[in-house]
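The sequence shown begins at 10 in our numbering and counts up one residue at a time.
Warning: the hint list may mix true and false statements.
Cβ pair distances, simulated, as ranges [stated by the list, open to error]:
(1) S119 - L14: 21 to 29 Å
(2) K71 - P210: 33 to 41 Å
(3) F202 - L271: 24 to 32 Å
Keep in mind the hints are simulated off the structure, nothing from the lab. Backbone N, C-alpha and C fix where the C-beta goes; we use that ideal spot for every residue, glycine too.
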Amino acid sequence: MSKNLKSDIMLLLVTVIWGSTFVVVKNATSILPVYNFLFLRFLIALIVLVIMFGKRLLHIDKKTFAVSIIVGIMLFLGYAFQTLGLKYTTASKSGFITGFNVVLVPILESIFLKAKLSKTSWLSVLLALAGLFLMTANIDLKINFGDFLTLLCAVSFAFQVVLIAKYAPSVDTVSFAIIQIFVVTLSSGILSFVYEKPIIPTDKTVWFALILTGIFATAFALAVQNTMQANTSATHAAIIFSLEPVFSAITAYLVSGEIMTLRSIIGGFLMLISMILSEMPSKDNLRA
């Protein structure tokens with residue numbers, strides 16, 4: 010199996026895991042405060058990775074540490090906005106809006122990595138905006154608060170994907186992931202103690218969500234993302250991540266019976282098309 014194919018398969022597995030956790034997280038945060046949940050989730054992930062790969066941190070260099078902090082802040086903002094947004098919107102809508110980050114990636118690449126933004130990318134942005142409006146606007150044309158928070162999450166995750174693509178090839182990817190998780194653990198812990206009354210949950214449903222998201226959707230998924238993205242570009246990884254809202258909607262339907270309206274389905278379809286279109290070779294690139 011080639012290195013690129015292996016990377017694609019592993020990133021797809023990560024996408025399936027992320028897409029399937031929206032409902033679980035939504036249910037858990039209806040019982041446990043948002044930052045309390047994030048703190049415990051990332052603490053579990055941090056403990057797992059330190060036990061497995063802690064020795065690598067002894068040899069971490071200044072560059073890896075510095076860029077890990079920056080990417081970790083983006084990761085924290087992404088999960089904080091996403092998890093808080095889930096309290097005010099549905100799991101399926103959260104999945105699709107989070108997926109909007111795939112369209113933002115080429116825009117951020119053009120700004121920060123000096124990559125040329127093609128006409129195809131601009132078209133994908135317009136389609137995504139139309140889809141986003143159809144999915145999130147209420148009858149009175151107001152945007153749900155949870156939808157807005159999730160959109161901020163998408164922006165944060167887009168920055169994270171681009172930064173990982175930029176720095177992962179030149180740093181130790183496991184240490185890179187561990188420091189990011191440490192940043193999220195510390196940040197969410199501080200906010201939980203300041204704004205919430207953190208508790209150790211006793212509900213089995215919450216612990217199932219914490220173990221599932223902590224070990225699989227965080228420790229495993231972020232270690233794989235940081236490692237496998239070193240073998241591919243941000244845009245190639247983004248097209249794989251574009252399937253996340255599909256798995257989110259399927260899981261929301263199977264687990265919670267969430268049924269999207271026709272307008273939301275059309276909006277989600279437009280967003281999915283825009284995500285795929287944003288990563289396809291354009292005529293601009295073919296002429297180059």
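Tested hints:
1. Distance hint check: the CB atoms of S119 and L14 are about 28 Å apart, consistent with the given range 21 to 29 Å.
2. Taking 33 to 41 Å as the suggested C-beta distance range, the pair K71 and P210 conforms, at roughly 38 Å.
3. Against the hinted window of 24 to 32 Å, the Cβ-Cβ separation of F202 and L271 comes to about 44 Å, which falls outside the hint.
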